[in-house]
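*Asks:* Between the sequences and the hints, there should be enough to build the whole structure, so can you do that?
Line by line, the protein sequences are chains E and F. Note that the first sequence covers residues 1 to 112 in the working numbering. Note that the second sequence covers residues 1 to 112 in the working numbering.
Think of the hints as simulated: they come from the structure by calculation, not from any bench. We put the CB at the ideal spot given by N, CA and C, even for glycine. There could be a bad hint or two in this list.
[As the list claims (entries may be wrong)] Restraint-style ranges between C-beta atoms, simulated for each label pair: (1) Phe46/E - Asp56/F: 21 to 27 Å; (2) Ala79/E - Lys14/F: 47 to 53 Å; (3) Leu107/E - Thr5/F: 25 to 31 Å; (4) Pro112/E - Pro8/F: 32 to 38 Å; (5) Thr69/E - Gln17/F: 49 to 55 Å; (6) Gln17/F - Arg51/E: 42 to 48 Å.
[Claimed, not checked] With a cut-off of at most 25 Å between alpha-carbon atoms, the simulated BS3-like pairs for lysine-lysine come out as follows: (7) Lys9/F - Lys104/E; (8) Lys9/F - Lys42/E; (9) Lys99/E - Lys57/F.
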Amino acid sequence: GESVGLHLPTLSVQEGDNSIINCAYSNSASDYFIWYKQESGKGPQFIIDIRSNMDKRQGQRVTVLLNKTVKHLSLQIAATQPGDSAVYFCAELRGSNYKLTFGKGTLLTVNP
Amino acid sequence: NAGVTQTPKFQVLKTGQSMTLQCAQDMNHNSMYWYRQDPGMGLRLIYYSASEGTTDKGEVPNGYNVSRLNKREFSLRLESAAPSQTSVYFCASSRDGQETQYFGPGTRLLVL
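*Replies:* Below, the structure written as structure tokens:
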């Protein structure tokens with residue numbers, strides 16, 4: 001079936017290291033992808049997005065890579081900080097159908 | 001600019017009681033959404049409103065009704081609450097169907 005999933009449910013890194021969170025999607029028709037960060041007790045917060053006509057997009061300390069050949073999405077966080085500790089979700093959208101499909105999330109823990 | 005706001009923040013209901021969750025956005029977005037988030041299940045779409053005056057079912061609409069009161073407000077109603085509806089409910093909005101969705105802080109609902 002169609003799904004968005006994550007390779008790793010948990011990721012623990014040292015402060016200052018780079019983090020990479022992965023996501024696989026199965027629907028080749030998906031054309032818009034978003035990464036969200038969710039801290040405990042809060043709503044999902046937009047981090048970065050990418051459309052299917054791009055392979056890479058950079059933000060402040062974050063980079064999203066899209067590999068359409070293997071249907072893989074990754075979020076790279078540079079110089080990870082304790083404030084980056086949260087659950088990270090990838091989400092996909094197909095066309096303008098409004099129905100964002102979320103993966104189950106990866107818990108990132110940053111050790112000082 | 002408050003973004004997406006939700007009330008109440010927390011609610012306890014007895015089985016069979018009814019209640020309405022309120023959501024408002026001040027970003028002049030056309031589209032609004034209601035999700036529920038359960039452990040291990042990620043975020044699932046309950047209902048959405050593509051534009052003022054329209055509503056459509058999402059992935060898990062049973063037991064819920066919605067009203068798009070105006071462009072700013074989108075409410076979710078539980079007519080007869082059940083313990084299976086214990087969850088965290090998030091409202092979101094976006095400019096249109098293929099734009100980033102921005103989330104509110106959530107309503108934590110416990111049905112006894």
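*Asks:* Work down the list of hints and note, for each, if the structure agrees.
*Replies:* Structure-based check of all given hints:
no., hint, result
1, Phe46/E - Asp56/F: 21 to 27 Å, "holds, 23 Å"
2, Ala79/E - Lys14/F: 47 to 53 Å, "holds, 49 Å"
3, Leu107/E - Thr5/F: 25 to 31 Å, "holds, 27 Å"
4, Pro112/E - Pro8/F: 32 to 38 Å, "holds, 36 Å"
5, Thr69/E - Gln17/F: 49 to 55 Å, "holds, 52 Å"
6, Gln17/F - Arg51/E: 42 to 48 Å, "holds, 44 Å"
7, Lys9/F - Lys104/E, "holds, 23 Å"
8, Lys9/F - Lys42/E, "holds, 11 Å"
9, Lys99/E - Lys57/F, "holds, 10 Å"
Of the numbered hints given earlier, the model fails none.
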